[in-house]
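Here is what each chain is made of, one letter per residue.
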Amino acid sequence: MKDDLIDLVRPSVREEQLNLDIDGWEGPLDLLLQLARQQKVDLAQISILQLTEQYLVYIAEAKKLRLELAADYLVMAAWLAYLKSALLLPKEEGEEPSAEEMALRLQLRLQRLEAMREAGARLFARDLAGEDVFLRGAPEGLSAVTKPEWDCSLYDVMQAYGRLAGRGQTRNYEVKRRPVLSLDDAMDWLEKMVGSAVEWGVLQSFLPKTLDPEYRRSVIASSFVAALELARTGKLLLDQPNADAPLRIKAT
Amino acid sequence: MNETLRIVEAVLFAAEEPLSLDVIGAHLPENAPVKALLVELAESYHPRGINLVERGGKWLFQTAPDLSHILRRETARPRKLSRAAIETLSVIAYHEPVTRAQVEEIRGVSLSKGTLDVLMELGWVRPAGRREVPGRPLLYATTTGFLVHFGLTSRRDLPGIQELKAAGLLDPMAEALELAREEAEQPDMLEDADDQE
Amino acid sequence: MNETLRIVEAVLFAAEEPLSLDVIGAHLPENAPVKALLVELAESYHPRGINLVERGGKWLFQTAPDLSHILRRETARPRKLSRAAIETLSVIAYHEPVTRAQVEEIRGVSLSKGTLDVLMELGWVRPAGRREVPGRPLLYATTTGFLVHFGLTSRRDLPGIQELKAAGLLDPMAEALELAREEAEQPDMLEDADDQE
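These protein sequences, in sequence, are chains A, B and C. The working numbering puts the first sequence at residues 1 to 252. The working numbering puts the second sequence at residues 1001 to 1197. The working numbering puts the third sequence at residues 2001 to 2197.
Take the hints with a grain of salt, since some may be wrong.
Unchecked claim - Pairs of lysine-lysine residues, derived as DSS-like cross-links and limited to a Cα-Cα distance of at most 27 Å, are as follows: (1) 176(A) <-> 209(A); (2) 2165(C) <-> 2080(C); (3) 1058(B) <-> 2080(C); (4) 1165(B) <-> 40(A); (5) 63(A) <-> 91(A); (6) 63(A) <-> 84(A); (7) 2165(C) <-> 1080(B); (8) 192(A) <-> 209(A); (9) 1113(B) <-> 1080(B); (10) 2165(C) <-> 1113(B); (11) 1058(B) <-> 1035(B); (12) 84(A) <-> 40(A).
What the hints assert, rightly or not - Coverage of chain B stretches by chain A, computed from C-beta distances (three or more under 8 Å per stretch; other residues unrestricted): (13) 1005-1018; (14) 1033-1047; (15) 1065-1071; (16) 1083-1096; (17) 1100-1108; (18) 1145-1153.
As the list claims (entries may be wrong) - Far from chain B, some chain A residues (derived; all Cβ distances over 10 Å): (19) 37; (20) 87; (21) 135; (22) 235.
Read the hints as simulated data drawn from the structure, not as lab findings. This one's a predicted model, so the numbers in the text were calculated from it and none came from an experiment. All residues carry an ideal CB built from backbone N, CA and C; glycine is no exception.
Based on the provided sequences and hints, a complete structural model is requested.
Encoded structure:
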């Protein structure tokens, strides 16, 4: 029976698949609604089980065609797969919400979406101002009874603020100058301090003294890089007896 | 023709937007029966090429709908609204006031940027306060401009709104679920429930 | 009422300028006696509050001249608020109470003399005390009249930054700077900014 259902559904699904464009759907609920219409019954009478099959087949086909599926389509597929098994398995007492309840919920959501879609179509089928009926082309205008009327709507105000808030040029940002020892200065300093020291000395002892903790961090970082650079160019020797030991330097 | 009626006619004719009873009344002698005058005037215009209509409690003249084929201007085709915008508009109109989250729930998809903007720019949708729940989300509702554009006297005239209400399709989901469950369980109760409404 | 007459009536009503016989005739069945129809229509409107008149060979509807004192047309025409004024209003509404310097800082340009005056004259903005910083600059805030005019229950009904963004109203360039912007909105940050000035 179930296989029959799938075969009934498949041909039409396949036809559409050829020019399947997932971007054309307004989300998984929209896709479900389109599939539901293929059952050609009132949504209130629709078989949720059959619809679940249709959707899962559709998504499987889309994957086969390597169509990019947005995450929410896959989330819906996972949820429907769960719903399907819940509907088919014997009912477990006390399970909340029940499979029937979930199915009913889905059916209601589809009905509500369809109702709104039809409402939109019916709205635009009416006699529209500016298209079917026309307002006075050149009204003379009334002087307002109380004050001069100003042509400014709430939308204007919101839009104006959106424009300002969006412009981002409303504030000047100043980068605070932090005390730093530049790499060049560190190299000069180190070269001078090491001088012609022939004994190994701990790198830290050669650094400029400071009480400013921020400046100190900069000094350590810059001096370390400076020491590496000076060692690379053969201006000093760098040594570390073991992994955690302090770095030592001496003149070449 | 009655002098007061002439004034009502002239005021509405000169106005640049639909007028409320108050604004019309301000031009009339005190205690003039504004509503009755409007109804009388509307009747006298009924057979004409111009009609007097009510939109959301405000009144305006417009051309008779049956002349649309003659008056339609080929040049000024208004831009086509996206499906998302049309659906969003119906959700707002039929459920108002609603939050953005409610629109998204009904449509089953998140609202892309600019959809509400388009509807507000057209003057059909406006912010309408906030819902007093955590986060105080902004509410949206339709405007008189919406009613004018779609030729609706009031929101009660929205196509099919009574049927949708009766079917519970405009209720919050929880209530709709309850209703649907009852109907599913007791199909013969259906008619009784309808009678009660 | 005669169908052709109805068309003439509707065409003239919807027209944005006085129409010549040719233009009117173009909407009518061929060989329609345009002039005779216009004369007939003018007569039927003669006793009404709206008259059909001929001006330099072109025809238009206008309100009856004897009612002009009631319509007080001479002062009409809604004036368009300048962009500077709308922006200033929006800054005051979103940040109130604010100083003139803050408005200028946010708009990125200095405020010309009349802008605040216009808003105060409209009854939408009022002085609201002084900020207790050096120079004691005057603060500005919106009024109840502002809320009434824009149909707001309270200032909290104005959409916030996130909501403006969601509605597509926030300038796209903004996104990177959005965080900074929100920080800037915290009132105590504003005070700091003032102190530095």
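Verification of the supplied hints:
For the hint linking residue 176(A) to residue 209(A), the alpha-carbon distance of about 23 Å falls within 27 Å, and the restraint holds. With a C-alpha separation of about 26 Å, the suggested pairing of residue 2165(C) with residue 2080(C) holds against the 27 Å cut-off. Taking the CA atoms of residue 1058(B) and residue 2080(C), the gap is about 23 Å. The hint holds against a cut of 27 Å. Between residue 1165(B) and residue 40(A) the CA atoms are separated by roughly 24 Å; this keeps the pair inside 27 Å, and the hint holds.
Restraint check for residue 63(A) and residue 91(A): not satisfied, since their Cα atoms lie roughly 32 Å apart, outside the 27 Å limit. Note on residue 63(A) and residue 84(A): the hinted pairing holds, with a Cα-Cα distance of about 20 Å set against a maximum of 27 Å. Proximity of residue 2165(C) to residue 1080(B) is assessed by CA-CA distance (about 23 Å); at most 27 Å being required, the pair is judged to hold. Restraint check for residue 192(A) and residue 209(A): satisfied, since their Cα atoms lie roughly 15 Å apart, inside the 27 Å limit.
For a cut-off of 27 Å, the pair hint linking residue 1113(B) to residue 1080(B) stands: about 17 Å separates their Cα positions. At most 27 Å may separate the alpha-carbon atoms for a hinted pair to count; residue 2165(C) and residue 1113(B) meet this at roughly 7 Å. Restraint check for residue 1058(B) and residue 1035(B): the C-alpha separation of about 11 Å stays at or below 27 Å, so the hint holds. For the hint linking residue 84(A) to residue 40(A), the alpha-carbon distance of about 21 Å falls within 27 Å, and the restraint holds.
Using a Cβ-Cβ cut-off of 8 Å, 5 residues of the segment 1005-1018 of chain B lie near chain A, which meets the minimum of three, so the contact claim holds. Residues of the segment 1033-1047 of chain B lying with their CB closer than 8 Å to a CB of chain A number 0, which falls below the three-residue condition for coverage. Check on the segment 1065-1071 of chain B: 3 of its residues sit with their Cβ under 8 Å from a Cβ of chain A, so the three-residue criterion for coverage holds. Residues of the segment 1083-1096 of chain B with a Cβ under 8 Å from some Cβ of chain A number 9, which satisfies the need for three, so the listed coverage holds.
Check result for the segment 1100-1108 of chain B against chain A: holds, 3 residues qualifying (beta carbon to beta carbon below 8 Å, three or more required). Residue count for the segment 1145-1153 of chain B with a Cβ under 8 Å from a Cβ of chain A: 5. That meets the three needed, and the coverage hint holds. Every Cβ of chain B is farther than 10 Å from the Cβ of residue 37(A); the closest lies at roughly 15 Å, confirming the non-interface assignment. No beta-carbon of chain B is positioned within 10 Å of the beta-carbon of residue 87(A); the least distance is around 15 Å.
Residue placement check: residue 135(A) does not keep its beta carbon more than 10 Å from all beta carbons of chain B (closest about 5 Å). The beta carbon of residue 235(A) is kept farther than 10 Å from every beta carbon of chain B, the shortest such distance being approximately 59 Å.
Consistency with the previously given hints fails for numbers 5, 14 and 21, ordered from lowest to highest.
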